[in-house]
Structure formats: C-alpha cells, structure tokens
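Heads up: the sequence lines are chains A and B, in that order.
Take the first sequence: its letters are residues 1 to 90, numbered as in the working numbering.
Take the second sequence: its letters are residues 1001 to 1408, numbered as in the working numbering.
Since the hints were made in silico from the structure, they are not lab data.
Keep in mind that a hint or two might mislead.
Each pair of labels, with its calculated beta carbon distance range [as the list claims (entries may be wrong)]:
| no. | chain 1 | residue 1 | chain 2 | residue 2 | range |
| --- | --- | --- | --- | --- | --- |
| 1 | B | E1072 | A | S54 | 36 to 44 Å |
| 2 | A | N88 | B | T1063 | 18 to 26 Å |
| 3 | B | D1100 | A | T74 | 25 to 33 Å |
| 4 | B | E1372 | A | A19 | 36 to 44 Å |
| 5 | B | D1247 | A | N36 | 54 to 62 Å |
| 6 | A | K42 | B | K1062 | 25 to 33 Å |
| 7 | A | S54 | B | Q1177 | 54 to 62 Å |
| 8 | A | L77 | B | F1335 | 23 to 31 Å |
| 9 | B | D1043 | A | N36 | 26 to 34 Å |
In this text, all values refer to a predicted model and were calculated from it rather than measured experimentally.
Built from N, CA and C at the ideal position, the CB exists for glycine as well.
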Amino acid sequence: MFEKLSEKIPVFSFYNPKASPPAGGSQPLYLKWQGNLLTVTKVGLHHTIHEGRSLIHVFCVTAGELFFKLHFDTTALTWTVKEISDGNPT
Amino acid sequence: MEIRLNPSLASKMHIDLNSCFASVEQQANPLWRGKPLVVAAYDSPGGCVLSPSIEAKKFGIKTGFRVKEAKELCPNVIVRMPDPPKYHFVHDEMMKVFRDSCPKVIPKSIDEALLDFEDLGYTEEKLIDVAISIKDSIKRRVGDWLTVSVGIAPNRFLAKLASGLHKPDGLDVINAQNLVQTLAKLGLVDLPGINVRYEARLNANGIFTPLDFLRSGRDLLQKQVFVSIVGYYWFQRLRGFEIDNVDFLRRSFGQEYAIGKPLANPRQLSSLLYKLCEKMGRRLREGKFSAHGIHLACSYEDQTFNHRSQVQHTPMYSTKSLFVSAQRVLNSFGFTKKITKLAVSCYDLTKVSSSDQLCLFDYQDKDKNLTEALDKINNRFGEYTVKPLLMLEMEDKILERVAFKSYD
Chain A
1 MFEKLSEKIP VFSFYNPKAS PPAGGSQPLY LKWQGNLLTV TKVGLHHTIH
51 EGRSLIHVFC VTAGELFFKL HFDTTALTWT VKEISDGNPT
Chain B
1001 MEIRLNPSLA SKMHIDLNSC FASVEQQANP LWRGKPLVVA AYDSPGGCVL
1051 SPSIEAKKFG IKTGFRVKEA KELCPNVIVR MPDPPKYHFV HDEMMKVFRD
1101 SCPKVIPKSI DEALLDFEDL GYTEEKLIDV AISIKDSIKR RVGDWLTVSV
1151 GIAPNRFLAK LASGLHKPDG LDVINAQNLV QTLAKLGLVD LPGINVRYEA
1201 RLNANGIFTP LDFLRSGRDL LQKQVFVSIV GYYWFQRLRG FEIDNVDFLR
1251 RSFGQEYAIG KPLANPRQLS SLLYKLCEKM GRRLREGKFS AHGIHLACSY
1301 EDQTFNHRSQ VQHTPMYSTK SLFVSAQRVL NSFGFTKKIT KLAVSCYDLT
1351 KVSSSDQLCL FDYQDKDKNL TEALDKINNR FGEYTVKPLL MLEMEDKILE
1401 RVAFKSYD
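Okay, chain A solo, but in the shape it has when bound (with noise of 0.2 Å):
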C-alpha cells in the first residue's frame, strides 16, 4: 500500500543540541495516526524544500509498521502527512 495524503497530525518532536545530523538535531519522536500513539522508530531521511518563502523541513519516517512523509512547515508550524505506506508495492 502506498498513498499520497494531506492530513495535518499531531506529531512530538525532541531537540537534541548535542547530536549530530542526519540522526541529531530536532526530530519527530511520537505521532498520532487514526486514533494511535506511534512511536518514531527511524528516520531514513531528513531535508529541507521550500514551497515560496515557507521552509519545509521533510520527515521520511517508519513509526509502528507504517512509512510516514512528514512536512513541517516552519513558518505555519503545522505537522502534514504527505505520504504513508505500509512497504508493499501496491
């Protein structure tokens, strides 16, 4: 399963000042998705998009048994789920 989606999440995020990227920095650590507490368990993949003036710091992310594209919009300061997948190809 793999789908494209727009669905703004409540997401927990953690600052670490001492680690180092791509595994330091700030990163989400818990989302909640239909109703569950998903703990972050990787981040495969942190960069950066901008969409006009906004800066888009982009998330790819496995949280329970699911992918996750998360967008934080730094100037909305909004959690969006763009993609979720469950690692099938269809």
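Please arrange chain B on chain A, whose structure you already have, making use of the hints.
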C-alpha cells in the same frame, strides 16, 4: 610493440552513488530496503525506468526498461516516481563529504563526482585510505543504506572505468602496472564513451577488444577510425594521459514532455508548450541569460519526427517571448497528426546584465520588468502562483525532473 603508458601516480578519484534514485528512496523508506524497487519517469505501464535498485537488477531489470517489462520480470517490484528534492539533498550532502577530503571536487552529475588529488601528491595507499574514509562518512553522515563505487587512476577516464568494475560498493585502482590486465577482462562497450556505433566503427577497422584499442597506433585511430582529433584523444585517454579536463560552457536550455495520451488539439498543445516554456524560461533567467534561438521538436504517433529552429533578431527573455516563438514553429508543423512528445529548447545564449544596450522600443523593457516581477512572486509564494489562463489545470502535468547540469 611497447605501449607508452602514463607513469604518473594515480591522482583522480571517480565516485558513483550506486543505483542513485532507487537507493535514496530505500534510504528514505526503510520498509523498502532489500526489496526490488524501480524509480520510473511515470508509474504507468509505459513509464521509463530511470533507476532500478540493486535488488531489482538481480531480476534483470535495467535502466531504460518500461514499467510493464520490469513487472514481467518481477511482479512484486515497487514502482516509484522521482522525488528530485531528495536526490538534490543527497547530492549536496555527498559533495560536503567529498570537499572535506579533497580541495578540488568536480560534480559530474547528480550521482557522480570527480575528486582531483593531483596537487596533494598522495600515494596510491593514501588514496585508498581516503576512499575508505569517504565510504564510511557517506554511511554516517548521509545515509546508512547508501553505497558508492570508487575508481582511482591517473586520468578521469580510467578512474570512471575503475569505478564501474565492481558494483555495488566497489573500490578499484587502475595504474600503469595493471592497465593491460584490467582491459583484457572487458569488452569495448564496457569503456565509458564507447557505444554500439563506436564499437561497429572500431570493429570495421580490426579492433575487437579494449586491448586491440590500446595497441592501436595514433595514426590508425586519428586518420582511419575516427577521422578526426577524437582518435588522438582516445589514444591518450586509454594510456592514462589526461585530456578530459575541459570545462564546457552552457549552450542551451531545454524541456521536453512525453504526452501520455497523444494529442492533436491545438489548444491543449499550446497549454503544454506554455508550461514547457515557463519552466525553460525560469531556468534561463535564473542563469541570467537571454536566447536568440528557439528549437522545437515533435514526435508523432506514427513514429515520425519533425523539428525546426528559428533565430530571432531580438533576444528572448520572458516566457511570453519564448512561447510566441515556439508556438510559431509549432503552427508551421500543422496539427494533422497526433503528437506523442514535445521538446523545446532555446540556444544562442547571451549573458544579461544591467549594462545591456538600451532598447529603442520601451515595450521590451516593460516585458522584462514584468517577467522579473512575476518570477519574484512565484519565488516567494511558490511556483505557478501567478500564471496565464493557458496554464490553468496544468499543475499536475510536466513534473520536475532531475536535469543533467552542474550541481556546483
């Protein structure tokens, strides 16, 4: 016959990220690791595979296959469309790693770079240590799933050849001592830059292996095989002498679009053409260029092809001026046959500066100022915030692609 090889120390290191786009997708999504995956231009059956993962390659899937061919070989293959920001990010991070090890880094494409250690005078052993350290740094600082193949040699050509000898995660050195043994194991088309047409040309002159190629004299290559200076370049290149340290200037900007459902409708084609011109114009203006020439190429449903160039007296800078010229060429082709691919490019570039000669007619300045104002709005609020009526409902068409350009 004794062959005079370059006796210099190996000083060039070519680094190539293995299965670039597919590996980056697997890096981003740990659930896809170890699974056959392809990144394709489109996920429809006719989409072209741009990058198969290492696991997909084991099923025989290669770059250039159609998605349906990939699925015939591996029904469970995961198909993803490109996500260029991820690849640009990985490229930038890799360049940072390279620049920490070498003062002269030349990006060759989004997944390849050349590191020139000539000024540092490192020994081969030291270069191997540097290569191992770079591999380790990429895993630590960029992504633990990413692997690179490294080639070390006295010139760029042999370094690139060495980087392709053992994939993935290879590390090979080619020098004057092992060049002959290395070439003995390869075919002509294994050499970077030798395609099947060059192979046929070499075969016609009695050259069937890389060793035959290496043993060929300069006169044979220059006067008979390539009938140009290219023959001399190959003579030097194969012997490990550097002749590829040339910087090429940009000569054109172009965009193309393969139309999923062939079109002959003038209005729909104009919309596509406008969007192509807008993307091309944005890149042209970003590079601070204007263009005098426009070139349009169309591939048709009946496998025919038409293309034409036009040179304008006044330089084109705005999207509108590029579009008007391209539309004129498109109109000259007629709309009788369905088009499957539309490609537009502009050439004959000149740098734009504030000291440009003033134009006699002020409408050109107004056009330039308006274009720059629109670009500023779109830079600030996002692409296509302001767009012409022709581009309405075009947002999902002509997606961003990873262009082959200098990524410095």
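These are the hints, each one checked on the structure:
Separation of B:E1072 from A:S54 is about 43 Å and conforms to the stated range, judged on CB atoms against 36 to 44 Å. Between A:N88 and B:T1063 the CB atoms are about 24 Å apart, so this pair conforms to the stated range of 18 to 26 Å. For the pair B:D1100 and A:T74, the beta carbons lie near 28 Å from each other, so the given range of 25 to 33 Å is met. The beta-carbon spacing between B:E1372 and A:A19, approximately 42 Å, falls within the hinted interval of 36 to 44 Å.
Checked against the hint of 54 to 62 Å, the pair B:D1247 and A:N36 passes, with Cβ atoms roughly 55 Å apart. Separated by about 30 Å at the C-beta atoms, A:K42 and B:K1062 satisfy the suggested range of 25 to 33 Å. At about 56 Å, the beta-carbon gap between A:S54 and B:Q1177 stays in the expected band of 54 to 62 Å. Between A:L77 and B:F1335 the C-beta distance comes to about 50 Å, which lies outside the given range of 23 to 31 Å.
Range check, B:D1043 to A:N36: Cβ separation about 29 Å, and the 26 to 34 Å hint holds.
In this structure, only the earlier hint numbered 8 is contradicted, and the remaining ones agree with it.
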